[in-house]
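First to last, the protein sequences are chains A and B. Take the first sequence: its position 73, counting from 1, is numbered 72 in numbering that gives the first Met the number 0, and each next residue is one higher. Take the second sequence: its position 129, counting from 1, is numbered 128 in numbering that gives the first Met the number 0, and each next residue is one higher.
Be a bit skeptical, because a hint or two may be false.
[Stated by the list, open to error] DSS-like cross-link-like pairs, simulated, lysine-lysine; straight-line CA separation at most 30 Å:
(1) B:K177 <-> B:K233
(2) B:K217 <-> B:K257
(3) B:K76 <-> B:K24
(4) B:K312 <-> B:K294
(5) B:K314 <-> B:K193
(6) B:K24 <-> B:K1
(7) B:K288 <-> B:K312
(8) B:K26 <-> B:K1
(9) B:K257 <-> B:K312
(10) B:K217 <-> B:K233
(11) B:K26 <-> A:K56
(12) B:K233 <-> A:K175
(13) B:K314 <-> A:K173
(14) A:K57 <-> B:K233
(15) B:K294 <-> A:K57
Hints listed in this document are in silico derivations from the structure and should not be mistaken for laboratory results.
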Amino acid sequence: MSTNYTYDYIIKYIIIGDTGVGKSCLLLQFTDRRFQPAHDLTIGVEFGARFVDVEGKKIKLQIWDTAGQESFRSITRSYYRGAAGALLVYDITRRETFDHLLIWLEDARQHSNSNTTIMLIGNKSDLESKRAVSYAEGEAFAQQHGLFFMETSAKTADNVEESFVDTAKDIYEKIKQGVFDVSNESNGIKVGGHLQPKTLPLNTDNGNNCC
Amino acid sequence: MKLSDSTVSRLDETQRLRFERCLNKFKDVLQSANIDLDALRNLNWLGIPNELPSELRSITWQLLLEYLPCNADRQVKTLARKRQEYFEGVSQAYARGIAGLDQTIWHQIHIDVPRTNPGTILYQCETTQQCLERVLYVWAIRHPASGYVQGINDLVTPFFQVFLSFYIENYDTSCLPKNVLDVIEADSFWCLSKLLDGIQDNYTFAQPGIQRQINKLKDLINRINAPLAAHLQKEGVEYLQFAFRWMNCLLMREMSLKHTIRMWDTYLAERSDGFSVFHLYVCVAFLDKWSDELKTRDFQGIMMFLQSLPTAKWKEQDIELLLSEAYRLKSLYHEAPNHLSRV
Ligand SMILES: Nc1nc2c(ncn2[C@@H]2O[C@H](COP(=O)(O)OP(=O)(O)O)[C@@H](O)[C@H]2O)c(=O)[nH]1
Ligand SMILES: [Mg+2]
Chain A
0 MSTNYTYDYI IKYIIIGDTG VGKSCLLLQF TDRRFQPAHD LTIGVEFGAR FVDVEGKKIK
60 LQIWDTAGQE SFRSITRSYY RGAAGALLVY DITRRETFDH LLIWLEDARQ HSNSNTTIML
120 IGNKSDLESK RAVSYAEGEA FAQQHGLFFM ETSAKTADNV EESFVDTAKD IYEKIKQGVF
180 DVSNESNGIK VGGHLQPKTL PLNTDNGNNC C
Chain B
0 MKLSDSTVSR LDETQRLRFE RCLNKFKDVL QSANIDLDAL RNLNWLGIPN ELPSELRSIT
60 WQLLLEYLPC NADRQVKTLA RKRQEYFEGV SQAYARGIAG LDQTIWHQIH IDVPRTNPGT
120 ILYQCETTQQ CLERVLYVWA IRHPASGYVQ GINDLVTPFF QVFLSFYIEN YDTSCLPKNV
180 LDVIEADSFW CLSKLLDGIQ DNYTFAQPGI QRQINKLKDL INRINAPLAA HLQKEGVEYL
240 QFAFRWMNCL LMREMSLKHT IRMWDTYLAE RSDGFSVFHL YVCVAFLDKW SDELKTRDFQ
300 GIMMFLQSLP TAKWKEQDIE LLLSEAYRLK SLYHEAPNHL SRV
């Protein structure tokens, strides 16, 4: 039995988008604050975690980084369900990764929980000279579909922190408003031990455990 | 074929004699006009010591994959024909240059090859990358049922490395004459094809072969290590979350390439199901091996641990232990009726 409940909330994320757009590099930059130019190819899913602070609350983000190749879609779909936050990533230097956004979005909407916060990310903003998708286009797409939007660079770390944290802020706002049923972990949120509202029916098996 | 001078100079007398004896056993089998594959399997199962000439592994692997014929008279001709067939396949596919390729497949392979063994010079050099790109592309267009699936890029590298070492010791592809490199490429292509023929449903739609293997892994862990199975379940760890990669890349991501090559000596000696059935038992033994460590960890700890297992320190003996444990488990549980194998 683990006794450390040193977090107020655990929030689960999923990172999706075409292969090669920089999903794994974004995760590594966020969790380890470094850039690995030749990152290993992601097979299936990879896991990462880090604490962030939102309004003084200690929030542990547990993040699934997925393989983007079409062949793995049936495997990676099963990770949508348990995610409260989704980062949908495209590469600003490759038009087709932007063109595929609708497919990704449909997939996400169909398989995830309706309250999932989705952040659209145009990555590789350091490669301005190779830009193939303008900032305005990304922003318009996000607005049209009700997504948050940011351009990032996993290489320079520009906006990486912000994209993860702003997503967490929105989710935390929803938690405060009671949008999520936080007693059900399958919604991608878990409440830390000392915050658990006593009135909620809790699964006593793992109620206080660090996940 | 004999031990190289540089090898001999590193060995003491007993070691030298031992490796010479081992080499002679291989030679006895290989020098026959019609090679006895079962005898070769028995030798190969135990692994080919790295002290033996590197061309030995190249030859035995090609024989065990039934790429190189057992009949000595047919060997030269068959190889020439197969290589020619591959070169023609390449020229056909690339007849209109890169622009004439299927762009989706090509682009995927093109961005994946540089992400194959990113830490190794051999795989970062352009000559190597172009070879791998062609092998993968030609394989993909010839196998539309699966196409190129990420992870297959890893599977070609043991072949490339072993066949390359037939020609050079220090793995610098840029200094090799083109015709030699072409031959390595063609042989890698055919051997990769043979390997994948046996595990094709790992890579077809929804990857049913992998799903099945993962279910069996879970079932076997339930039987042989119930406390571990219970702990994983309690922490909410699903086998798919870590074992998918074990199956999709045949544990290559969890081992060094050198150790993978040693594992394949045995896999190839296990007849046609080495990369499926035997591999499953290797995965069972592998997970079981970390049991004590895993049982002290929570969900996050388990995931982080399984994602970067401490195998970098592994020695050849660790691989051998793993393989013999897998062998033991397979003889106990494979095709054994459930009522006999349940504890
Ligand atoms: N210049 C630049 N390159 C990047 C950036 N993010 C990723 N890359 C490169 O893009 C390639 C693919 O990145 P990876 O994280 O493996 O993509 P994934 O398939 O989406 O996980 C790698 O070669 C990275 O070096 C970025 O922000 N800027
Ligand atoms: Mg990735």
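Going down the list of hints, with the structure as the test:
1. B:K177 <-> B:K233: violated, 57 Å
2. B:K217 <-> B:K257: Status holds; Cα separation ~28 Å.
3. B:K76 <-> B:K24: holds, 26 Å
4. B:K312 <-> B:K294: With Cα atoms ~22 Å apart, K312 of chain B and K294 of chain B stay inside 30 Å; holds.
5. B:K314 <-> B:K193: At roughly 29 Å apart (the allowed maximum being 30 Å), K193 of chain B and K314 of chain B satisfy the hint.
6. B:K24 <-> B:K1: OK: K24 of chain B and K1 of chain B at ~12 Å, within 30 Å.
7. B:K288 <-> B:K312: Satisfied, since the Cα-Cα distance of roughly 15 Å is no more than 30 Å.
8. B:K26 <-> B:K1: Holds - the C-alpha atoms of K1 of chain B and K26 of chain B are around 10 Å apart, at most 30 Å.
9. B:K257 <-> B:K312: Judged against 30 Å, a Cα distance of about 12 Å means the pair holds.
10. B:K217 <-> B:K233: Holds, because 14 Å separates the two Cα atoms, which is no more than 30 Å.
11. B:K26 <-> A:K56: Violated, because 70 Å separates the two Cα atoms, which is more than 30 Å.
12. B:K233 <-> A:K175: Given pair K233 of chain B, K175 of chain A holds - Cα atoms ~29 Å apart, limit 30 Å.
13. B:K314 <-> A:K173: violated, 51 Å
14. A:K57 <-> B:K233: holds, 24 Å
15. B:K294 <-> A:K57: holds, 26 Å
The structure does not agree with the numbered hints 1, 11 and 13 stated previously, though it agrees with the rest.
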